[in-house]
Amino acid sequence: MKITGFLLLSFLLFALSSASFPEAVHATDPAAVLDVFGSELTAGASYFIGAASNDFAVTATSPIICNSDVFLSPMSNGLPVTFSPVVTSDNSVIHEDSYLNVDFVAPTCRMAGVTTMWKMEFRAIVRGFAVTTGGVDQMNRFKITKYGGDNGLYQLSYCPDSESSCNLLGNVVNRLAVSSVPFPVVFVPSTAPQLEYKMM
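Heads up: the sequence shown runs through residues -19 to -1, 1 to 181, numbered per mature numbering (1 follows the signal peptide of the UniProt record, and there is no 0).
Some hints here could point you the wrong way.
Claimed, not checked - Derived DMTMM-like pairs (lysine to aspartate or glutamate); straight-line CA-CA distance at most 20 Å:
1. LYS127 - ASP78
2. LYS124 - GLU102
3. LYS100 - ASP118
4. LYS124 - ASP71
5. LYS127 - GLU77
6. LYS127 - ASP16
7. LYS100 - ASP36
8. LYS100 - ASP71
9. LYS127 - GLU21
10. LYS124 - ASP50
11. LYS100 - ASP78
12. LYS124 - ASP16
13. LYS124 - GLU77
14. LYS127 - GLU102
15. LYS100 - ASP50
16. LYS124 - GLU21
To be verified - Ranges between beta-carbon positions, derived for each pair:
17. MET120 - GLY19: 30 to 36 Å
18. SER20 - THR42: 15 to 21 Å
19. PRO11 - MET120: 34 to 40 Å
20. ASN155 - CYS47: 31 to 37 Å
21. PRO88 - ASP131: 34 to 40 Å
22. GLU77 - PRO141: 15 to 21 Å
23. VAL162 - GLU77: 16 to 22 Å
24. VAL154 - ASP71: 27 to 33 Å
25. TYR80 - GLY129: 20 to 26 Å
26. GLY129 - ASN58: 24 to 30 Å
27. ASN72 - SER146: 21 to 27 Å
Hints were generated in silico from the structure; no laboratory data involved. C-beta atoms are modelled at their ideal positions from N, C-alpha and C, and glycine is treated no differently.
Kindly produce the complete structure, drawing on both the sequences and the hints.
Structure below.
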């Protein structure tokens, strides 16, 4: 009886502590990624990825995607992208540390295997792996994480698979490529008037 009473008391204490302190038993979701206006990024919506240090943005070697590399260009030449979680979810908000597919919002040339989705390939000009197009769904994982604390800046990473560590992406010869020096970025809704946006 003493054991039964002790177990009952233990259960009641656990139930009370769980009700009073839900954060102790439920992991918090990763923070939502925010655009330059403080709004949450959502799957399927289009955004420019802007360099935090100047008025450059991510774009492709051609506005018509045809196995195009991803590089940096003045904001006026930027190409918008969409983000979609690798793991399908009913929640449309893009969260930090989530595995993402990234696609340019652009037409493609009529060639087999051409897609607007980002992937990684070796490029001699950067002496390593750079972001290019032609990716396949579920096979090319990218992440968005905070850059330098809570300052509204983010950084991009490429994750080969769920078992491997992610590789930071940086500016290498004006291309988005694997780098030990992260590249701080901001996200600008493609629907926002350019005059409303100022680089941080």
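Taking the hints in turn, this is what the structure says about them:
1. Restraint check for LYS127 and ASP78: the C-alpha separation of about 9 Å stays at or below 20 Å, so the hint holds.
2. Restraint check for LYS124 and GLU102: the C-alpha separation of about 17 Å stays at or below 20 Å, so the hint holds.
3. Pair hint LYS100 plus ASP118 holds up; C-alpha atoms about 10 Å apart against a cutoff of 20 Å.
4. The hinted pair formed by LYS124 and ASP71 meets the criterion: a straight-line CA distance of about 19 Å does not exceed 20 Å.
5. Only pairs whose Cα atoms come within 20 Å are accepted, and LYS127 paired with GLU77 is accepted, the gap being roughly 8 Å.
6. As the CA atoms of LYS127 and ASP16 are separated by approximately 12 Å, the hinted pair is consistent with the 20 Å bound.
7. A threshold of 20 Å between alpha carbons decides the hint, and for LYS100 with ASP36 the separation of about 25 Å lies outside it, so the pair is violated.
8. Taking the CA atoms of LYS100 and ASP71, the gap is about 25 Å. The hint is violated against a cut of 20 Å.
9. Under the criterion of a C-alpha separation no larger than 20 Å, the hint pairing LYS127 with GLU21 is consistent with the structure, at around 14 Å.
10. Using a Cα cut-off of 20 Å, the hinted pair LYS124 and ASP50 holds, with the two alpha carbons roughly 19 Å apart.
11. The straight-line distance between the Cα atoms of LYS100 and ASP78 is roughly 18 Å, inside the 20 Å bound, and the hint therefore holds.
12. Of the supplied pair hints, the one linking LYS124 and ASP16 holds, its CA atoms being roughly 15 Å apart against a limit of 20 Å.
13. A hinted pair counts as satisfied when its Cα atoms are at most 20 Å apart, and LYS124 with GLU77 qualifies at roughly 7 Å.
14. For a cut-off of 20 Å, the pair hint linking LYS127 to GLU102 is broken: about 25 Å separates their Cα positions.
15. Simply put, LYS100 and ASP50 have alpha-carbon atoms about 10 Å apart, close enough for the 20 Å limit, and the pair holds.
16. Note on LYS124 and GLU21: the hinted pairing holds, with a Cα-Cα distance of about 16 Å set against a maximum of 20 Å.
17. The supplied range of 30 to 36 Å is met by MET120 and GLY19, whose beta-carbon atoms lie about 33 Å from each other.
18. In this structure, SER20 and THR42 break the distance hint of 15 to 21 Å, their C-beta atoms being roughly 30 Å apart.
19. With their beta carbons about 22 Å apart, PRO11 and MET120 fall outside the hinted range of 34 to 40 Å.
20. Between ASN155 and CYS47 the CB atoms are about 19 Å apart, so this pair departs from the stated range of 31 to 37 Å.
21. Checked against the hint of 34 to 40 Å, the pair PRO88 and ASP131 passes, with Cβ atoms roughly 38 Å apart.
22. A hinted range of 15 to 21 Å for the beta carbons of GLU77 and PRO141 is consistent with their spacing of about 19 Å.
23. The given range of 16 to 22 Å is respected by VAL162 and GLU77, whose C-beta atoms sit roughly 20 Å from each other.
24. For the hinted restraint 27 to 33 Å between VAL154 and ASP71, the CB-CB distance of approximately 41 Å leaves it violated.
25. Between TYR80 and GLY129 the CB atoms are about 22 Å apart, so this pair conforms to the stated range of 20 to 26 Å.
26. Taken as a hint, the range 24 to 30 Å holds for the pair GLY129 and ASN58, whose Cβ atoms sit roughly 27 Å apart.
27. The hinted range of 21 to 27 Å is satisfied by ASN72 and SER146, whose Cβ atoms lie roughly 26 Å apart.
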